[in-house]
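Trainee: Residue strings, one per chain:
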Amino acid sequence: GDSVTQMEGPVTLSEEAFLTINCTYTATGYPSLFWYVQYPGEGLQLLLKATKADDKGSNKGFEATYRKETTSFHLEKGSVQVSDSAVYFCALSGNSGNTPLVFGKGTRLSVIA
Amino acid sequence: GAVVSQHPSWVICKSGTSVKIECRSLDFQATTMFWYRQFPKQSLMLMATSNEGSKATYEQGVEKDKFLINHASLTLSTLTVTSAHPEDSSFYICSAGGLKETQYFGPGTRLLVL
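Protein sequences appear in the order of chains A and B. Sequential numbering from 6 applies to the first sequence in the numbering used here. Sequential numbering from 273 applies to the second sequence in the numbering used here.
Please note: incorrect hints may appear among the correct ones.
[As the list claims (entries may be wrong)] Here are the simulated DSS-like pairs of lysine-lysine, each with C-alpha atoms no more than 27 Å apart in a straight line:
1. B:Lys336 to B:Lys286
2. B:Lys336 to A:Lys110
3. A:Lys65 to B:Lys313
[Said to hold, decoys possible] Here are the simulated distance ranges between beta carbons:
4. A:Gly34 to B:Met317: 15 to 25 Å
5. B:Gln301 to A:Ser19: 41 to 51 Å
6. B:Cys285 to A:Gly6: 33 to 43 Å
7. B:Thr352 to A:Gly83: 44 to 54 Å
8. B:Gly325 to A:Glu68: 36 to 46 Å
9. A:Gly46 to B:Ser287: 20 to 30 Å
10. A:Gln86 to B:Lys336: 38 to 48 Å
11. A:Thr17 to B:Thr354: 36 to 46 Å
12. B:Trp282 to A:Asp60: 36 to 46 Å
13. B:Lys338 to A:Gly46: 24 to 34 Å
14. B:Gln301 to A:Asp7: 20 to 30 Å
15. B:Thr354 to A:Ser19: 45 to 55 Å
No lab work stands behind these hints: they were computed from the structure. None of these values were measured; they are calculated from a predicted model. Positions of the beta carbon are idealized from the N, C-alpha and C atoms, including for glycine.
Just chain B, same shape as in the assembly (with noise of 0.2 Å):
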């Protein structure tokens, strides 16, 4: 079946650094990725729709400055929580859409800022 990979599993980074995570579609293309959030706890919640050469399209209350994304070919987008405060610790995963409908989902980055 179709394998999504996120890396790094695991981040831990200093309040005010950068952190970048990477998507990648391990035997599809994805020409649309998706980047979602989950809080401790909770549902995982929509961030922004990655397409291939082409801007991301974020959901409302999602800044965009905040958290760049960049799909630059068919099997990779990656999301960079620039300046990261405490707040933005978190569970961030990845899909990509593939056939009939499915969409395969990466296992997840966690993210704690100190």
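Chain A on its own, in the form it takes in the complex (with noise of 0.2 Å):
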């Protein structure tokens, strides 16, 4: 079945660092992929997509690609604030809105000033 794996977290960051959190996908068809993330005790919040191979999502200074031919899509943001702390998701969803995502195991990130 379709599945995503994201790179182990946690992740610590000095403030203005760049990052990257890799995200590789399996699946059968041409995906949507999304990177949501979640801040502590809250919910989920769509962070960015990509609908299409080559499509850049970007959203907040975040941004991901998807590569269709390394079946990827990355995140990286190039210079991180405090504020960034919070765990990512790498999911992927057929395409409609009805289609329940599959979810990779997410990254904690932590940026310290």
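Join the two chains, each given in its own frame, into one complex according to the hints.
Mentor: Put into structure tokens, the structure is as follows:
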């Protein structure tokens, strides 16, 4: 079945450091890819998404590019802030809002001042 | 943007009691909603797919008689944890399908069974 593999955390970075969180997937067909963020004690918020190959999703300084040839959707940010500390989930779904998401295990990011 | 609410956000109950969690899509209609469960420091695991006007579809290993799901309208799905026990303590999150492949998540309900 479909699956998502994320790099293991936790990741600890200093403020203004460069962030990469790796995500690869296995799926049949052409899934949509997502990054969700979960702040402490809260639910999930959509961070960015891409629905087809070579699409780049971006939001709040975060970016991820849908790479079909490497089945990857790595999350990057050029300069992290303390407020970016959260758990980040990579996910995929079929091309419908009525399809459940398959999540990676999540990567906990801690940014220190 | 689309908003999904959950109520309650926190619930503490005694072992053996039942707890109902509501999930509402506030500004859009959702024929399908999903219920996930998240254990501490772990990922979300799909429990069931809630379909408006029909029976829910449960994932393997999820007891349908334990976790009752009702999707009575296009904006409301409920999850009832029956005869709750301490091992049911968890963070329960619902989501609803929106436009363009996006799902919108509720803020979650933290259940603690004593």
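Trainee: State the violated hints by number, sorted upward, taking the hints as numbered earlier in the document.
Mentor: none
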